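**Q** Make a model of the complete structure from these sequences and hints.
As you go down the protein sequences, you meet chains A and B in turn. The letter at position 203 of the first sequence is residue 187 when you use our numbering, and the numbering goes up by one with no holes. The letter at position 84 of the second sequence is residue 95 when you use our numbering, and the numbering goes up by one with no holes.
Source of the hints: derived by calculation from the structure; they are not laboratory data. Please read these numbers as outputs of a predicted model, since none were measured by experiment. Virtual Cβ for every residue (Gly too), placed ideally from N, Cα, C. Be careful, since some hints might not be right.
As the list claims (entries may be wrong) - A few chain A residues facing chain B, derived, Cβ under 8 Å:
(1) Phe38
(2) Asp40
(3) Leu42
(4) Gly43
(5) Tyr93
(6) Pro113
(7) Asp114
(8) Pro116
(9) Ala138
(10) Ser142
(11) Ser143
(12) Arg146
(13) Ser150
(14) Val166
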Amino acid sequence: MKRLEQTFTDNRVKEETTLVAYITSGYPSLGETVGLIRAAVDAGADVIELGVPFSDPLGDGPVIQATGQAALDTGTTTAATIDVVAEARAAGVEAPIVLMGYCNPFLRYGLTQLYDDARTAGADGFVVPDLPVSEGGPWLERARAADLGQAFFAAPGSSPERIAASSAASRGFLYVLAANGVTGVRSELDPGIDAYLERVRAAGDTPMAVGFGISRPEHVAALHGRTDGVIVGSALLRAVGEARDAAGRRRAVTELVSSLKAATR
Amino acid sequence: MNGRFGEYGGQFVAETLVGPLEELEAEYHKALLDPEFTEELDRLLKMFVGRPTPITELHRLGVTENGVKLWLKREDLTHTGAHKINNSIGQALLAHRLGKKRIIAETGAGQHGVAVAAACAYLGLDATVYMGRVDAERQAPNVQRMKLLGARVELVDLGTATLKDAINAAIREWIAHPDTTHYLLGSVVGPHPFPTIVRNFQSVIGREARAQFLEENGRLPDVVVACVGGGSNAAGMFSAFLDDPVRLVGVQAAGEGKGGDGGHAAPLLYGEPGVLQGTRTYLLQDDDGQIQLTHSIAPGLDYAGVGPEHSHYKDTGKVEYISASDDEALDAFAALSAHEGIVPALESAHAVAGALKVARGCEPGSTVLVNLSGRGDKDLTSAMAALKQREENSR
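**A** Below, the structure is given as structure tokens:
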């Protein structure tokens, strides 16, 4: 958890936006995942959000759904994803890695075992999109015990009370949904986003990371100073999906992450 | 309402939906205390839905089974032909109060989709129905009815292209438009408050049936049977008998009849608790927590989860859950048609098949009340094809 907090603190001091890069574990294969993490970190990603695939990802749009299904088809599991984290650490990746996944595979793994194994492997926290604060008690308890992060969410329609509760409960950062809807590339940021981000900022001190629809350097630049961090997922995975071979996929990650990183300052 | 049935239920949803769910719950409570709402609902149930539906005594089925008498609650006689309309009318009125003119819904067998389309047409709301492509193919007449009733039908190609995937598509659409759209969920599944609201709108089935049975027989039935996919017709039926000395039996789909070896849709028999589509309940899942493929000849039962209240009743033993296979349901479908003059939906045929199994173990002179949740017009093509196939296989 310290590494995650430190990353946001350091970037705040430098007046840089923390760049979170989302990668689906096991896409296009488990063998390539560490290489793609490495490429993202080397190109400037400050935090890796590593997606654990689920058969029914209700918060995800077509791009991440497809990568998750492809990962499941090649046998990616929660356990295999925790192994990916350990391999990334063994390969020298030092950036914080948070695991993103839906409730059911995590519950099936067993929460106590999950948080312990994640910590042992070198993970820094969890993001669970179908877990609102009201259901998060047992999860937070495990996160505290294992000293790991736990990001809850703010949505554009959330009441000030709910945003405050999510912010206060979050460990590491608050995941701020930039828009209604599921994950996916959007051409423009919501016109009302500035006022919304001010409301979130006023609701608590936990670092904010804005995701959903952030795909271009100009989006990142527009959010500079309005949020602590940004999260880019679908755009990155779309670029990975369009490349022809493993080297091309790493290059696609390097290029997009570099251009996004340049917009964080 | 606390949203829990024992250790089941809850609200495992994206933050985006928490506000709309809270709003729905608050409006529901206000509506229940508003005589204008309850009177309007009662009036629509009478004058649009055609309630009360009768109960019917069977003369051949069951009688031969140890002298047990079967009675049917005739939800097949409601407008649009299944119990789904009870909930659709209720929630459409709620949506109206919430000022939401756009309704989205999922459908498996198409009965909920048709009920939503009809309710929305009557109340002047805009309806979009999500349906798995596989289901749309096996329930083609209902797709045509939905369109005729003015609904948009969105075919879903994701996953297994059945009920679960239609619910996923509807939830994703709701997350995109939470302020303007009401998700009219058709069963006692999903996040709180849906399992409670839907059960309460369906409780009219049990209230009527209990009073009608008492009037006809001077006593309560010994057993009450209903089919359980998501479980809304069963939840509505059972709700009136929970405090009575009446045996309650829910029938899940055993599909190919291989027991727990797959090819079924019976999480209450072969599943384990987990979280799917906003609720904690029994699920068909693998060791990694991925949701498994299901099979039933009845699209309305072809679902990997089940309403959380049923999971609670399974654990407490309040309700007994058994299963009926595709074959047994087809037998019941044919028998009820030929011997009693009533063509049941394939879903409801599972309830009849389950009731016949139960009847075999009952004391002579016992009575069994079966909820006939819907009529079988929608199933004629697929049921006739399956019966023909079976005949050819047996040659």
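**Q** A separate judgement is required for each hint: does it hold in the structure or not?
**A** Hints versus structure:
no. : hint   : result
1   : Phe38  : 7 Å, holds
2   : Asp40  : 6 Å, holds
3   : Leu42  : 5 Å, holds
4   : Gly43  : 5 Å, holds
5   : Tyr93  : 7 Å, holds
6   : Pro113 : 6 Å, holds
7   : Asp114 : 5 Å, holds
8   : Pro116 : 5 Å, holds
9   : Ala138 : 7 Å, holds
10  : Ser142 : 6 Å, holds
11  : Ser143 : 6 Å, holds
12  : Arg146 : 7 Å, holds
13  : Ser150 : 7 Å, holds
14  : Val166 : 5 Å, holds
In the structure shown, no violation is registered for any of the earlier numbered hints.
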